[in-house]
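Participant: The whole structure should be built from the sequences, with the hints applied where relevant.
Number of protein chains: 4
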Amino acid sequence: MSETDTQTQVQDVALIVGSGPGISASCARLFSKEGMRVAVAARNPDKPVLHTLEKTSGVRRYACDASDPASVERLFEEVGRELGAPTLVVHNIDGRVPGIFRKGITEVEPGMAFDTIRNSAFSAFLVGQQAALRMRENRPNANGARGTIIFTNASAALKGFPKSGAFAMACHAKAGLAESMARELMPEGIHVANVPIDAAIGWTQDDGTRAHRLAGTSVDDNLADPDHIAQTYLHLHRQHRSTWAFEIVLRPWVEKW
Amino acid sequence: MSETDTQTQVQDVALIVGSGPGISASCARLFSKEGMRVAVAARNPDKPVLHTLEKTSGVRRYACDASDPASVERLFEEVGRELGAPTLVVHNIDGRVPGIFRKGITEVEPGMAFDTIRNSAFSAFLVGQQAALRMRENRPNANGARGTIIFTNASAALKGFPKSGAFAMACHAKAGLAESMARELMPEGIHVANVPIDAAIGWTQDDGTRAHRLAGTSVDDNLADPDHIAQTYLHLHRQHRSTWAFEIVLRPWVEKW
Amino acid sequence: MSETDTQTQVQDVALIVGSGPGISASCARLFSKEGMRVAVAARNPDKPVLHTLEKTSGVRRYACDASDPASVERLFEEVGRELGAPTLVVHNIDGRVPGIFRKGITEVEPGMAFDTIRNSAFSAFLVGQQAALRMRENRPNANGARGTIIFTNASAALKGFPKSGAFAMACHAKAGLAESMARELMPEGIHVANVPIDAAIGWTQDDGTRAHRLAGTSVDDNLADPDHIAQTYLHLHRQHRSTWAFEIVLRPWVEKW
Amino acid sequence: MSETDTQTQVQDVALIVGSGPGISASCARLFSKEGMRVAVAARNPDKPVLHTLEKTSGVRRYACDASDPASVERLFEEVGRELGAPTLVVHNIDGRVPGIFRKGITEVEPGMAFDTIRNSAFSAFLVGQQAALRMRENRPNANGARGTIIFTNASAALKGFPKSGAFAMACHAKAGLAESMARELMPEGIHVANVPIDAAIGWTQDDGTRAHRLAGTSVDDNLADPDHIAQTYLHLHRQHRSTWAFEIVLRPWVEKW
Numbered sequence: 234m235s236e237t238d239t240q241t242q243v244q245d246v247a248l249i250v251g252s253g254p255g256i257s258a259s260c261a262r263l264f265s266k267e268g269m270r271v272a273v274a275a276r277n278p279d280k281p282v283l284h285t286l287e288k289t290s291g292v293r294r295y296a297c298d299a300s301d302p303a304s305v306e307r308l309f310e311e312v313g314r315e316l317g318a319p320t321l322v323v324h325n326i327d328g329r330v331p332g333i334f335r336k337g338i339t340e341v342e343p344g345m346a347f348d349t350i351r352n353s354a355f356s357a358f359l360v361g362q363q364a365a366l367r368m369r370e371n372r373p374n375a376n377g378a379r380g381t382i383i384f385t386n387a388s389a390a391l392k393g394f395p396k397s398g399a400f401a402m403a404c405h406a407k408a409g410l411a412e413s414m415a416r417e418l419m420p421e422g423i424h425v426a427n428v429p430i431d432a433a434i435g436w437t438q439d440d441g442t443r444a445h446r447l448a449g450t451s452v453d454d455n456l457a458d459p460d461h462i463a464q465t466y467l468h469l470h471r472q473h474r475s476t477w478a479f480e481i482v483l484r485p486w487v488e489k490w
Numbered sequence: 234m235s236e237t238d239t240q241t242q243v244q245d246v247a248l249i250v251g252s253g254p255g256i257s258a259s260c261a262r263l264f265s266k267e268g269m270r271v272a273v274a275a276r277n278p279d280k281p282v283l284h285t286l287e288k289t290s291g292v293r294r295y296a297c298d299a300s301d302p303a304s305v306e307r308l309f310e311e312v313g314r315e316l317g318a319p320t321l322v323v324h325n326i327d328g329r330v331p332g333i334f335r336k337g338i339t340e341v342e343p344g345m346a347f348d349t350i351r352n353s354a355f356s357a358f359l360v361g362q363q364a365a366l367r368m369r370e371n372r373p374n375a376n377g378a379r380g381t382i383i384f385t386n387a388s389a390a391l392k393g394f395p396k397s398g399a400f401a402m403a404c405h406a407k408a409g410l411a412e413s414m415a416r417e418l419m420p421e422g423i424h425v426a427n428v429p430i431d432a433a434i435g436w437t438q439d440d441g442t443r444a445h446r447l448a449g450t451s452v453d454d455n456l457a458d459p460d461h462i463a464q465t466y467l468h469l470h471r472q473h474r475s476t477w478a479f480e481i482v483l484r485p486w487v488e489k490w
Numbered sequence: 234m235s236e237t238d239t240q241t242q243v244q245d246v247a248l249i250v251g252s253g254p255g256i257s258a259s260c261a262r263l264f265s266k267e268g269m270r271v272a273v274a275a276r277n278p279d280k281p282v283l284h285t286l287e288k289t290s291g292v293r294r295y296a297c298d299a300s301d302p303a304s305v306e307r308l309f310e311e312v313g314r315e316l317g318a319p320t321l322v323v324h325n326i327d328g329r330v331p332g333i334f335r336k337g338i339t340e341v342e343p344g345m346a347f348d349t350i351r352n353s354a355f356s357a358f359l360v361g362q363q364a365a366l367r368m369r370e371n372r373p374n375a376n377g378a379r380g381t382i383i384f385t386n387a388s389a390a391l392k393g394f395p396k397s398g399a400f401a402m403a404c405h406a407k408a409g410l411a412e413s414m415a416r417e418l419m420p421e422g423i424h425v426a427n428v429p430i431d432a433a434i435g436w437t438q439d440d441g442t443r444a445h446r447l448a449g450t451s452v453d454d455n456l457a458d459p460d461h462i463a464q465t466y467l468h469l470h471r472q473h474r475s476t477w478a479f480e481i482v483l484r485p486w487v488e489k490w
Numbered sequence: 234m235s236e237t238d239t240q241t242q243v244q245d246v247a248l249i250v251g252s253g254p255g256i257s258a259s260c261a262r263l264f265s266k267e268g269m270r271v272a273v274a275a276r277n278p279d280k281p282v283l284h285t286l287e288k289t290s291g292v293r294r295y296a297c298d299a300s301d302p303a304s305v306e307r308l309f310e311e312v313g314r315e316l317g318a319p320t321l322v323v324h325n326i327d328g329r330v331p332g333i334f335r336k337g338i339t340e341v342e343p344g345m346a347f348d349t350i351r352n353s354a355f356s357a358f359l360v361g362q363q364a365a366l367r368m369r370e371n372r373p374n375a376n377g378a379r380g381t382i383i384f385t386n387a388s389a390a391l392k393g394f395p396k397s398g399a400f401a402m403a404c405h406a407k408a409g410l411a412e413s414m415a416r417e418l419m420p421e422g423i424h425v426a427n428v429p430i431d432a433a434i435g436w437t438q439d440d441g442t443r444a445h446r447l448a449g450t451s452v453d454d455n456l457a458d459p460d461h462i463a464q465t466y467l468h469l470h471r472q473h474r475s476t477w478a479f480e481i482v483l484r485p486w487v488e489k490w
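Protein chains in written order, with this note's numbering: chain A, 234 to 490; chain B, 234 to 490; chain C, 234 to 490; chain D, 234 to 490.
FYI, nobody ran anything at the bench for these hints, they're computed from the structure.
Check before you lean on any hint, since a few could be wrong.
Remember, identical chains collapse to one label, so a pair may be satisfied in a single copy or spanning two.
What the hints assert, rightly or not - Derived DMTMM-like pairs: lysine to aspartate or glutamate, alpha-carbon spacing no greater than 20 Å straight-line:
id, residue 1, residue 2
1, K396, D327
2, K280, D245
3, K392, E488
4, K288, D440
5, K336, E421
6, K280, D327
Facilitator: Here it is in structure tokens:
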């Protein structure tokens, strides 16, 4: 029996860092439906959306401050002990502090810029580091992969928009980290991907109405549906290592770019 | 019954322009297996690989000189008449003329550079134009798409390598065309994608041995398997229009970039 | 006496391919004022602007169809014989055929797309090839350079705009060629640069009024002044080989990008 | 007398944040030679190189911790009071902490990554913010500019290299900040530029020998000479606002990229 054959039995364990009713929830539902054990980590693991995911999809909830090194290390230890070592890690934290949105470069308080970078980019470093550390020990699966690390990103990773300096820093930093990790870890069998979503996220709520993250955005076609984003994450996770994508920008059909 | 519901019955018709034992054959097999009607167009439709695809996968063979406007128009008419209007078109032509490989800028005969651009980029224009013209008339399918146009490209689209000036022109031109078409056609419901493959292509032959396109390349992990490339093309075709990717670079895990 | 010292005496010979009242004329005037011998090549060397440049700046006029290999070769021979081997070559041809502006992908006649690529990108190949061939024989100047090749480009080289497919192809192709040539020729001491101008060009006419290339554009700040573009070309030519720039995008302060 | 004419008398005041024997010193010498009043800020303003610059070029030395908001604000106040409001600000801080060089993603201590980002990117935010705040009050000069802000960057801003994750984050962040500031501030007459140097920096010491920043690099052609880098900074500062460059990558002729 070849090494590859035995590897088809690898049990997928997905860890989603960052929670919310959009991409994280969609990923949790899809990954669970596809047979993975799923963990979701949040500063506050008692959010209603997480309790719902626990009930409907069997997702495990974890408390984690993703910008604190010790907290992130503890998270990976707990998940590893309880569900098994992660084979798919999604960093899904936007990180913008309240009040920073559309502030000009001279209007942003330095502390707000600092916190945005720490929340978003530094947490990506910590999560990526722990994921790399653990995935190295995984056996390769049928596609030759020891694991997949996906960084959700924003259009601010592709373009520095005016009145968005601090967020541009955070998103560019996350993209640079992801690219460095991809070049370093892919030859070790760890698939690293950066996925900028070039749109606001919109989803259908339990009552059938559409919701979205950014106040003031009209609810129409120009929103990326997180259920479909999750499909592309799953495709990335299932790519054979002979054809790995590093970056996929997702945008709605009517988005200007 | 909503417009979307009726659209789930859309019969997929795939047209692959360019033929060969690599990406074209893999796409033909996969698309056929997924229930699409499949057409493959080649300068010489009597190549053994096409006869094999006809027998094993029910693929229809078409003769076409993809750099001749009249020939391309005729191809789309014939396919439309015999299989139905294409909903997925793959332009899969490399276009390099014999002898141009690794020639320095002063060593390439102008005529060779000219033919490479015409074979690759101008044919992409012709195929893209006809595809756009026909797909506009399609009904949207369940994902809201009237059709998908995929341009296979090379790493020369991402980077102008030394001793590769003419091919860099051709690949960059194809990428620029694809990007312009994506911005123009996506809001009309036509998904356009550029897929640079950052590797030589390698596949397993009938006798179990590995083959590849470029003489002198060693047959090892550092080859992109076209069966896996085809999977990503299928994923692109099935993306919902709320989350369309324009560009996906595919490369093997051990490739330097 | 060191090799470098003797090289300070190198007489600069500038050849500008493409003519017109904008960038070509500004370059011709500035280069001449800086002590270079200047040649300007045009399909029709009897254009009034060229006669004016001849009178006011001592510029030599040459006839050349830049998309014809034999004509380009002849041009370099003539300039070499009459002024000396070029040390600075500017390819300044836009190449769009009449009627192609803002045409959608299905509205452009294939022949128009073809001619645009040939006029712009293929002529860049021919001019670049001849320049490389001749500059290789030059002695290095005080900055260690055997010559400088500058390709004027457009924002369509950076972004494929909708309703601009053929021009996107041409400009991307030129950029890819320039990048390949830069990687190949810089280590030989030939500085290659791609300069996309992200704006319409506007200049002051003899009567003091402002003129510009694109009909329908308002004459205001949002135009790039070719006299200032020429200054950056001169800076590129004078960069020491320890710090060569390959690409500089120039845009007016109020331009959106 | 037109507004522009009176503006030719604007006295240039250059503030260089970050000090060292490479780019900062070269800029200080050149800017001083060109008639500007020059300030250099460093954590330790008593470094010998700064005393030398003070003696030979009349440069003023300032103490500043560029990652501390209050310290940066104080710096701009002092320079404004003593030399006049800056018209040219160069952020020239690399920011890598000792020991981080070529460390893999799992080898870097989180605190080192954090400090590298703060030293480099957060300080760029603080310096850029203060520069924007002050330059807005400047009168436009003869080129229509109220001031120029230049961020020195590294090739890690262009590409995430393996074993360089934290530095990739910092450099990408700085590039994203610069791009956002450029889009926001250029229409206000403030020229913002990002200048990645794709090479190690090498310079000639007082004793005629060559020195460079990175231990283990051989001293040869493959080093960017900071005196020539300073020339491009000066060119950027003198560009007319009708043709501003945002990004210029500088690399030695023999550098691979």
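Participant: Hints first: check each against the structure and report whether it holds.
Facilitator: Verification of the hints:
no.	hint	in the structure
1	K396 <-> D327	within (17 Å within a copy, 25 Å between copies)
2	K280 <-> D245	neither (25 Å within a copy, 43 Å between copies)
3	K392 <-> E488	both (15 Å within a copy, 15 Å between copies)
4	K288 <-> D440	within (18 Å within a copy, 51 Å between copies)
5	K336 <-> E421	between (41 Å within a copy, 16 Å between copies)
6	K280 <-> D327	within (17 Å within a copy, 41 Å between copies)
Of the numbered hints listed earlier, the single one contradicted by the structure is hint 2.
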